[in-house]
Amino acid sequence: MSLHKLTLHELQEKFTKGEVTAREIVSAYSLRIKQVEPKVKAYITLVKESAMAQAEALDQKLKSWRRTMPLMGMPLAIKDNICTEGVLTTCASRILGAFVPPYDATVIARLRGQGYLLLGKTNLDEFAMGSSTENSGFGPSRNPWNLSSVPGGSSGGSAAAVAADECVAALGSDTGGSIRQPAACCGVVGLKPTYGRVSRFGLVAFASSLDQIGPITKDVTDAAMLLNVIAGHDPLDSTSANVPVPDYTKALKKKDVKKLKLGLPREYFAEGLDQEVERAVREAAEELKKLGGEIKDVALPATDAAIATYYLIATAEASSNLARYDGVKYGLRSKQTKDLLEMYMKTRQEGFGPEVKRRIMLGTYALSAGYYDAYYGKAQAVRTLIRRDFEAAFQEVDLLVTPVMPTPAFKLGERIQEPLQMYLSDIYTISANLAGIPAISVPCGFSKAGLPIGLQILGRPFEEETVLRGAYAYEQATGWRAKRPNIR
Amino acid sequence: MEISKEEVEHVAKLARLEITEAEKEAFSKQLSAILTYVEQLRALDTEGVEPTATVLEQVNVVREDKARPSLPVEKALANAPEQADGFFCVPKILEER
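If you're matching them up, the sequences are chains R and L in order.
Residue 211 in the working numbering sits at position 211 of the first sequence; the count goes up by one each step and never skips.
Residue 71 in the working numbering sits at position 71 of the second sequence; the count goes up by one each step and never skips.
With the rest of the complex left out, here is chain R:
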């Protein structure tokens, strides 16, 4: 029995019944990581020893008391921009290369409260800025389906770890598609919740009005299980919403989409969309129709402006958020400096990689005197237009059905020299962040070259249940999950 092949809900069931111990779980994953991690490079930090110690303590405790919680004993991987007390949290940046957080992010505290097992911290584009993990300060991760392709990004390490069975599930963060796009590239499920659904306390800030933590999992049921634990109001995050949290697994009872209206936004099927991806997504829409959904054409006219809007707002917020890396309270400090200003400038020169510098520069420019209104102010107004588009569309339909990215995963090195080309691959995912709405990526087929293709389903704010229901009905009817990567 290969434990690492099980989904979260399958493993949880076995663990609850006492058919497997926490120790056996950690042993199985340690072996799996030993076998495939040298090829996949999903992790920045592995904490197998402490996972084993925790597992043994848990088994000991359960000898006398056998009531478990949904994530008890479950081996997870966490994106390395989410603070874990006592465990290195680098953001894949040299500037935080030695940073050990003195506290847990709220999502981690909640997982810990359930007795989860932390296997390690996963790779990402530095400070979550990128779409391929190639911007990591510690080298790129690989796509388990084809090691010469990128796993997507920025949560590429989390998605690759789930796809390669190097953890049972993972957390990522999504500012412009960083959960959904790598999930699509790696053939797994990724959910970006509504802005405010999950606390951002302890998530290292990139663009505060867009960032959101969410699950990356082997199937839709697992995503609902993980969301159940991490969702909810947090007094430590003033942007977390005080909205009741339903049991998301209850949304998965129906296996159909009867009485639901599903919209295909025509702007998402325009120029630049790869034919194989378009075919897979249109076939998925047909499948949803068979499952009882009513398919409608809808318009999101401001879609073309989304990338420009996003890269002004996200970089402006980033330039402000990353001002804290000054070499004073934590992180790197440049050695040879004679005064304070030079210490700031050299520390940041040595600590940040090229993409982070580029975005700080762009954001600083967009916020600088004389350009603020023309760039940042304009982008904020267009953001309103993009929100209104979604509000209008959701008057007509309950869900939107789109591609996740215009092509399957691209090759390593293919786009790294052309920042703008890399940005353009985010076209279908960034609008959800600008509008703050929930969206899921679920596998919907493969390219001829054998790379996974993702289907995106978007819903109204705080209607994760409907999004999950749609994704679950589709997943159960198609069974793409049966095909697993052969890592070589």
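It is worth saying that the hints were derived from the structure and are not from the lab.
In this text, a Cβ means the ideal position worked out from N, Cα and C, and glycines have one as well.
Mixed in with the good hints there might be a few duds.
[Stated by the list, open to error] To list a few chain R residues with every Cβ distance to chain L over 10 Å, as calculated: (1) L46; (2) A285; (3) I295; (4) A299; (5) D339; (6) R358; (7) T384; (8) G450; (9) N486.
[Said to hold, decoys possible] Distance condition first, Cα-Cα at most 25 Å in a straight line; then the derived BS3-like pairs of lysine-lysine: (10) L:K24 - R:K335; (11) L:K92 - R:K335; (12) L:K24 - L:K13.
[Said to hold, decoys possible] Short, incomplete list of chain R residues facing chain L, as computed with Cβ under 7 Å: (13) P102; (14) G196; (15) A251; (16) Y344; (17) M345.
Based on the hints, put chain L in the right spot on chain R.
Structure of chain L alone, referenced to chain R:
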């Protein structure tokens, strides 16, 4: 939109970022390309449109002004590049007279 090397230098200074000659060249080209791309936003009519800073409904979130448990000094200083006597250390800021 062309961003000259001089403008790159100015913005880098605002961002407290030392950059090399090679980076100046590269940023000048790349930022020019990106800013040219974002200029498409000008074509959209946003007259009278309220800007979106956040999608949230709530405006200010306040709490009672009460002391709560916080990080002990040692823990707060544990990641500091330089510390002494319970303080963060930085290069001298004021010159002696």
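Closest CB-CB distance from T384 of chain R to chain L, is it above 10 Å? With a cut-off of 10 Å, T384 of chain R comes too close to chain L, as the shortest Cβ separation is near 5 Å.
Min Cβ distance, A251 of chain R to chain L: is it shorter than 7 Å? violated, 23 Å
Evaluation of the interface hint that places G196 of chain R against chain L, nearest CB under 7 Å: Nearest chain L Cβ about 6 Å off; hint holds.
Restraint check, 7 Å cut-off on beta carbons, for Y344 of chain R near chain L: Interface hint status for Y344 of chain R: holds (4 Å vs cutoff 7 Å).
Any Cβ of chain L at or closer than 10 Å to I295 of chain R, or is the non-interface label fine? Its Cβ never comes within 10 Å of chain L, the nearest being 27 Å, so this holds.
Measuring from the C-beta of M345 of chain R to each C-beta in chain L, is the shortest one below 7 Å? Constraint on M345 of chain R satisfied, holds at 4 Å.
Compare the distance between the alpha carbons of K24 of chain L and K13 of chain L with 25 Å, and conclude whether the hinted pair is satisfied. Holds, at about 12 Å.
Compute the least Cβ-Cβ separation between G450 of chain R and chain L, then decide whether it is above 10 Å. G450 of chain R is indeed farther than 10 Å from all Cβ atoms of chain L, at 33 Å.
A cut-off of 10 Å on Cβ-Cβ distance, and D339 of chain R was said to be off the interface with chain L. Does that hold? violated, 6 Å
Would the pair K92 of chain L and K335 of chain R pass a check requiring their Cα atoms to be no farther apart than 25 Å? holds, 15 Å
Non-interface claim for A285 of chain R: all C-beta distances to chain L beyond 10 Å? holds, 27 Å
Verify the proposed pairing of K24 of chain L with K335 of chain R, using a straight-line Cα cut of 25 Å. holds, 23 Å
In this structure, the earlier hints numbered 5, 6, 7, 15 are contradicted, and the remaining ones agree with it.
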